[in-house]
Amino acid sequence: MDPDTPLSFNQTVRGITEFIEVATHTILYVRQVYPAEIFVRRKKYNTPVFQSRHPALNEYISGAVKAVADELMLVHGNVHKVVVVIKNNEDVALERFIFAMQNMIQVEAYNKETGYATFDASEHLIHSSTYSVEDAMTASVLGQYFRSFLIKLSMVESQLGQLGLGDDLSFAIVIELKDDKMPTVTHGKDPPPWIPATLDNTTTGTSEQAELHMLRAVDTGIINLSFAVQESEFKLNMEKSSTASSSGKGKERAV
Amino acid sequence: MAPLAPAGSASSDYFEEDDPAFLQALCEVKLPGDLSSSQAPSEPKHEQQLLPPPQSGLKRSRESDSDDEEDNPRARHSVLASVDDNEEKARYLQNHTYGASTFGNFGEYMTRKRAKLQIQNAEFDDGEGVDADGPPPSRIFHGLQIYINGYTTPSVQELRKLIVQHGGIFHAYLDKKSIVTHILTCSLTPAKSKEFQYMKVVRPEWLVESVNAGVLLPWQTYIFKVADRLEQTQGKRVAQRTLFDSTYDLDQRPKTPPAGRSQDSDIANVSSLSSHLSQLARPQTPTPPKSGPSSTPSTPDRTLYTTDPATPKEAKRVPGYAVHKSNPHARRAMQDPAWRAAHTSVAPDFIEGYYRNSRLHHLSTWKAELKNLVAEAQERADSGATLGGTGGDGAVVGVTGGTEEDLAVTKIMKENMGADAVSMRNAQLVMRSPSRKGKEKAERAVEVHNDETRIIMHCDFDSFFVSAGLVDRPHLKDKPVVVCHSQGTQGGQASTSEIASASYEARKFGIKSGMSLQQARKLCPQVITIPYEFQRYKQFSLQFYTILMTHADDLQAVSVDEALIDVTGSVRRIHTEISQSQNLSASPIDPAKQFAEAIRSQVRRATGCEVSIGIAHNIMLARVASRRAKPAGSFHILPADAQSILAPLDIDDLHGFGYAARQKAQEKLGATNLGELAQKSKVVLCDALGKGTGETLFKAIRGIDERKLESDKPRKSVSCDINYGIRFENNEQAETFIYQLAEEVARRLQGIDMVGRALVLKIMKRDPSAPVEAPKFMGHGLCETCTKQIQLVASGGRATNDYKVIGEHAWRLLKSFNFDPTELRGIGVQVHKLEKSGGTEIDQGQAVLPFKPVEVTKVQPKTDQAKPPVKQVHPPQINIEPPSSPVDAVDAVALREPSELQGQVPALDLPSFSQVDRSVFDALPEEIRKELESEYKRRSITPDPPPASPAKRVRFPSLKPTDVFPKVKISVKGTNVKRITQQLAPRSRSSISPKKTTLFRKREVPFKVTISEAEVKKLGFDTEVFAMLPKTIQREQVANARFKKSGKIGVTFGGPRRVLKPISRLLPRTRPKYVPPPPPQANFPAPPTLKQQAKAKGQKLYFSETDDVQKVIETWVHSFLEHPPNSKDVAFFAKYLVQCVDNARSTDSGLERAIAVTKWWLVLLRRHFGVWENADDLDMGELKRGGQWTSEGIGRAWWSAFRDVKGQMDAAARRKFGGCLSLR
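Residue numbers (our numbering), protein chains in the order written: chain X, 1 to 255; chain U, 10001 to 11224.
It is worth saying that the hints were derived from the structure and are not from the lab. Incorrect hints may have been included.
[As the list claims (entries may be wrong)] List time: in silico DSS-like cross-link candidates among lysine-lysine, alpha-carbon distance up to 25 angstroms:
{"#": "1", "chain 1": "U", "residue 1": "Lys10937", "chain 2": "X", "residue 2": "Lys240"}
{"#": "2", "chain 1": "U", "residue 1": "Lys11111", "chain 2": "X", "residue 2": "Lys81"}
{"#": "3", "chain 1": "U", "residue 1": "Lys10522", "chain 2": "U", "residue 2": "Lys10200"}
{"#": "4", "chain 1": "U", "residue 1": "Lys11206", "chain 2": "X", "residue 2": "Lys152"}
{"#": "5", "chain 1": "U", "residue 1": "Lys11111", "chain 2": "U", "residue 2": "Lys11159"}
{"#": "6", "chain 1": "U", "residue 1": "Lys10194", "chain 2": "U", "residue 2": "Lys10177"}
{"#": "7", "chain 1": "X", "residue 1": "Lys178", "chain 2": "X", "residue 2": "Lys43"}
{"#": "8", "chain 1": "U", "residue 1": "Lys11159", "chain 2": "X", "residue 2": "Lys152"}
{"#": "9", "chain 1": "U", "residue 1": "Lys10804", "chain 2": "U", "residue 2": "Lys10762"}
{"#": "10", "chain 1": "X", "residue 1": "Lys43", "chain 2": "X", "residue 2": "Lys66"}
{"#": "11", "chain 1": "X", "residue 1": "Lys240", "chain 2": "X", "residue 2": "Lys66"}
{"#": "12", "chain 1": "U", "residue 1": "Lys10508", "chain 2": "U", "residue 2": "Lys10522"}
{"#": "13", "chain 1": "U", "residue 1": "Lys11159", "chain 2": "U", "residue 2": "Lys11206"}
{"#": "14", "chain 1": "U", "residue 1": "Lys10804", "chain 2": "U", "residue 2": "Lys10776"}
{"#": "15", "chain 1": "U", "residue 1": "Lys10538", "chain 2": "X", "residue 2": "Lys66"}
{"#": "16", "chain 1": "U", "residue 1": "Lys10815", "chain 2": "U", "residue 2": "Lys10804"}
{"#": "17", "chain 1": "X", "residue 1": "Lys66", "chain 2": "U", "residue 2": "Lys10691"}
{"#": "18", "chain 1": "U", "residue 1": "Lys10194", "chain 2": "U", "residue 2": "Lys10225"}
{"#": "19", "chain 1": "U", "residue 1": "Lys11135", "chain 2": "U", "residue 2": "Lys11091"}
{"#": "20", "chain 1": "U", "residue 1": "Lys11018", "chain 2": "X", "residue 2": "Lys240"}
{"#": "21", "chain 1": "U", "residue 1": "Lys10708", "chain 2": "U", "residue 2": "Lys10833"}
[What the hints assert, rightly or not] A few chain X positions that, by computed beta-carbon distances, are all more than 10 angstroms from chain U:
{"#": "22", "residue": "Arg14"}
{"#": "23", "residue": "Gln32"}
{"#": "24", "residue": "Pro35"}
{"#": "25", "residue": "Arg41"}
{"#": "26", "residue": "Gln51"}
{"#": "27", "residue": "Arg53"}
{"#": "28", "residue": "Gly63"}
{"#": "29", "residue": "Glu134"}
{"#": "30", "residue": "Asp135"}
{"#": "31", "residue": "Gly143"}
{"#": "32", "residue": "Ile151"}
{"#": "33", "residue": "Asp167"}
{"#": "34", "residue": "Ile195"}
{"#": "35", "residue": "Glu239"}
[Unchecked claim] Far from chain X, by Cβ distances over 10 angstroms, these chain U residues were calculated:
{"#": "36", "residue": "Phe10196"}
{"#": "37", "residue": "Asp11142"}
{"#": "38", "residue": "Ala11213"}
Heads up, the beta-carbon is just placed ideally off N, CA and C, and yes, glycines get one too.
Sequences and hints are given; from them, build the entire structure.
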C-alpha cells in the first residue's frame, strides 16, 4: 500500500487501534503502573516506545484493542472514546488517558476495504483504485502525527507529576459509546467482551474539578482522533494534600 | 623426424629399461655424435617431444597425465599455437618452455607446466586424429572448455582425450573460472558444490554419450546432482549404503531356494534366516526402536500396526519393521523387466487392478455410496415419501419375553418397520412418519447442542470382515481367523500382506489389524487366513444400513460396518408406550438399551453377524459406549455416569484423539489419563494441544460433544491416491501414469456429476535414507511427502472434470517438483472445490475468443498423392439468410465445392522466404523450423501460382445465389457467445439478424471463386483496382454489384456493416459497465475563524491558524494594557474559543487550538498582570482612580474576563470530556 495515497476507512481504523495499543503500553510505562523492568524499548512510528513483555498483560491489551477495533469496524460512529484509566487499588480513577474519536463520514461497507479493480467482460482493466477516502490524510502523515502523540505522551510526566503510588496502581480500558448504544460485538458463544464500567472511571462520573490536558489531536477526515489526559479530582486533591505536607513542590510546578 | 628418434632416446630415464623397442633402437642405430650427446642431458624432455615413436609418445602422455590429476594448467593459446608452428619456434620452446626453472620461480614453473600440458593436448588432437585416418576429427566439443574435478569414471585421462580429440579444451586448473565452460565430476565435496553452484557441473557421461551420438548433447540432461543432503557428512552415509548392500546380498542368497527343497524345510530355513536377519538388521537402523521408550520411560510408545509406514516416526512405532531393510522379493522381482512391466505402475492396467484389490478403496467407495444412499433416503423422508422397501428381509422383530417394556419396544420396532404394524398405531404412524424427519431436524438445529435427552447410538459390526467371512465357514468359528490378501502358505512366512480384520480369538494372541501376516504368524502360528469377499461385505452393509434407516431419525454413515444413528424419537415413543400401558412406577429397565438389543437381534437375523451398539446422548460418548459394548453387546452411558466412565480411559480412547495427541499430552501435561486431564483448565489444555483440540478435549472429558450427525455432508473433494507399486524408470512412464490417474479421478468426478476448480498433487518420494525397495513388498517405504496445489482451469476458466485437463495440470505440477522419476513411491491426485457440473451451463469467467486454429499445411510425400486431402469439416450451417432471390444464371460463377477448396487454402499464408527474419527463424523451436523449412522447400519446387494468373482469371470469393454471406462456420467452442452477442446486438432490428454473430471469428473464405476479368468489367470495376482490393472487399463489392444488377434493391452490402459499425462505437456504452460507486469523501469541517475587518474596506480577514489567532490576541492584549478589555472584544474571542472547544462545531484539533490560544492569552496576562492573577477579592484595592483605571483595576478586569471565557470553554469541553480544561 502506498503510504502516500489517502487512507481508506479500514486503514484508518487499523491505524488508530494500532496506535491505541502502542500508546497503552507506553502509558503503562510512563505512568509506572508496572515496574519499568517488564518493558522493552522498541521503535514505532519512528519514535522510541515501550512495550510490555508480560504475556498476560499483552494479551489483555491486545484483546481489548481488538474488541475496540471490532466496535469501530462494524458499527462505526458508536465509539466515542477509548479510555485507559489509571486507578488506585480502590478502583478510583486517578488519570484517564482519553482517545476521543469522532467519525467524520459515513462509509458504506463496500467502500471500507482498501482496494478494488474493475474489469470489463474480457477482463481488461478498466479502472483500478483503492477505496481511499478522497482528500483524506495519507498514511505517512498519520504516522507522523502518531509520532507526535507519543512524544507528547512520553513527556506528559512533566505536566502530571509522578503518581508515586508504587504497587497500588492498576488500569482498565474503557470504551464510551454514544448515548443509548450498546457494544454489539460478540463472538459466537463467547460472552461479549465488554462489561459496564465503574461510573467513576467514565466521563459522566468525572467531577467538574478534573483537569483535562489535551495532548494532541489529528483530523484525518475520516475518523478524527484526539488524545488527552484527565487528572481526576481525587488525584488533584491527593496531590494538594501531599504538597501541603511537603511544601514547595507544588509551587515549582505552578510556575 | 623419425631418423632423429634415436638421438633423443639417449635419455634412458624416460624409457623403461626393458623396453624392447628402445633397446633395439639403441643397438641398431648409429649414434649421431657429440652434438646430440651434449644436448641430450640438458634438454631431455624436448628431445622426446621432437621424436614421437608411437609407444613412447603414449607413455609420456600417461606420465604427465598423472600430474594433471592433481594440478592443472591454464589455457595458453599462444603457446599452443606456437607449438604447431615452425621449427624455429619449436627451438624457442626448447629454450623457454622446456627450460629448467630456477629455484623460487614457481610462477614460471607453473606457466611452463600449463604450456606443456596444452602442448600435449594439441598432440592428442592432431596425432590421433590423423591416426584414425578415416573420418575427419569431429569438432563436437568445439568451444567447450572443460575442467574435471576429482575422481571420475571414465578416468580423467580418457576424458581428457575425448575432449581434446573432439575439439574441446581441457583445463587442468580451475584458476580462471570464467574461461571454463563446464565442470565434469562424479562427486563433489560440499564446499565445492557450493563453490560451483553457479557453474555448469555435468556428469562425465555427457561427453561419452555425446561422442557416441556424434553430436553435442544438451548438457542439461546430465547435470550433476548432489546425491545426498549437504548437511550430513557424506562419508558416513556412503558407508551405510555399502553396509546395506552387503545385507542385500545376504538377503538374497538364501531366499532363492533350490527347487527341489520341500516347503517345510524352506520355511524353517527362511524363518531361521529371518531371525538371523533381524539381528543383522538391527544395528544398522539408525534409530533403534529401543531408544524411544528409554528416553521417556513413563510413556512406552504405542505400537502402531501397519505394514508400510511412511514416516520414520511411524516406522519407529511399528514393531519389527526394519526401516532400512529392503524387501528381497521385491528386489529380485524388480530386476526382471517383464515382471516390472506387468506389475508396477508402468503396467497399462495397473490402476484398474490396484483398485480392484484395494480394500481401502472398496471401503471408501462404499462409504461414499452409503452416504449417498443415506442422503437420498433422508431426502425422500423429508419430501414425504415413506421409506420403501425397508425391512425387506422381513425378519420378525421381537424380543422374546413378556415384559411390558419388551412389548413396547417390539411395537415401536414394528411401527418403524412400517410393515405388519399393529393396526391401532397405523393412524398415528401415518401422521408422524412423513414429516417427522424434516421437522425434527429443524427442531434439533434450534435445540441446545448438549441436549441430554437425545439418544445417539453407535452401531458397529464386530470384526466385520471376519464375521462376514465366517458366515459360510461355520467350522472356523472360535478360531483365530484373519482376513488378508495372502492366502494359505502363499507368500510364505515373510508375507507382508496386511491384516484387515482379525477375529476376537485372534486378537487374544495380540494380532491386530494393520499388522503384516508375517507378524501375526509369529504371534500365533496357527492363524487361519480367509480372503476378502467384497460382494458379501457390500450386501451385509446394505442390510445393516437398511435396518438402521428404519429406526433412525437421523443417520451418519461412518463406514461400511459402522454408523451413528439418532433414535431419540423412537425411544421417546417407547417411553410413552410404556407409560401408557403401565403404571408410572415403571421398572428401571432402560428402554434405549432394549431398543438397541432389538436392533442388534434384527441385524443378526439379517446378516448373521454380531453388531455392538453404544448408546449415549452424544456422538463421542456413544463411541466410547460401543467400545464397552464389544463384543456383541450394547452399552448405555447415562449422562450421570459419563464422567466416571471416562475417567479411567486414556486420551487416545476417545475418537479423534490419536497418537499425536497422546504424545503431546504426555509431554506437556504429564498425563494421558482422562481423569487426570479433567483437572486441567481449558487454557492449559488448549496450550498443550492447540486451540481446537484442547477445547474439544476439555468438553469431551466432561461428556460434552456438540457435534451433530452429519447425514448430508456434501462431498468436498475427489481424489485418487496410489502408493503401492509405483516404480518408474523414466519421466514418460510417470507422465502416462499421471494421465491414467487423472482419468480415474475424472471418472469418479463424472460418477458424482461434479466438476472441480482446484487440484492437489501429493507426491511420496523415497526418503534418501530408505532402501530402493521398501520393506513391504512393492510398498512405498519411508517417504518424503510433498504436496502442491494448482488452480484447475479448463478453457473459459471453468471448473472441469475432463481427464485431459486434470492430467495436464497434475503433470505440470509433478514436473515442477523436478523429482527423479525412479524415486517416486506414491502419487495422489485430488480435485476439490467441487461444483455441480449440471449448473454451469452458463459459462462463468472470461470468454475465449475462438480464433481459428492455425492449420499447418503438412507436406505430403509424393507417394501419398493418391490419398485424399485431409477431410475438412464441412461448414455446417448458414446462419445468415439474406432475403435475396436467385441471381442471374449469367452471373453464375464457376463454383467449387467448399470442401474441395478448403483443403487447398492454407488458413494462414507464409511470407515469402526472403522476408523471413533469419534470426527469428533460427530461434524457433526445431519442429516448427523444420516444418517451415520443408514448406519453403516445397514452394521453391512448385511455386505458387500468382494471384492474377495469366489466364486472367481473378480468384474471387464466390457468392452462391442463396447466401450472400459466405458460409461461416460458427462453432464457438465452449463459450456462450449468445450472452455477449446479445449485448452487442443493435437496438433496432436489422433485416439480417446478427444473432449468431461472426464477430469473433475470422471470416473464412470457404468458396474461392474465379471470376473472369470480363465479368469484373461488366460489373463496372476497374480490374486492376479490383485485383488490389482485399478479398473481403472484393466479395462485398461483387455481391453488391450483382444485387444491383439483378435489380433487387434488397440489402446493400454496406447494410450490415453500417449496422455493425456503430455497435463497435457503441460498445463501451452498451457494455454493462460496472460503475464503481464514488469513493467516500473525507470530511474536514471548516475550523472556526476569527473574523476581522481588514484595512481595505469590504475585506475581511479570517484567522484560523493557531499562530495567527495568537497574534491577534497578543495585539488585543497589548492594545488594552492601559484599559480594561472591551466586553465586546471579550465576547468576540469567547465566541471563537467556545466554538473551537465545542465538539458539535469543531473537531478536537479545534480544542487543541483553543487551548493553545488560551494558554498564550494566559501567558500574556501573567506577563502584564501577573500580580493580580490570584488576587483575592477581599483585599481589592482601588480599581479606578480619577477616571483612570488603576493597573489593579485593569488587571482584575482582564483576569475576570479570562476566567469568564475559560469558564465558558470548560462548560463546552465538559460535554465531551467532563471536568475542566487544564492550562498547565
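Violated constraints from the hint list, given by number and in increasing order: 1, 2, 3, 7, 11, 14, 15, 20, 29, 30, 38
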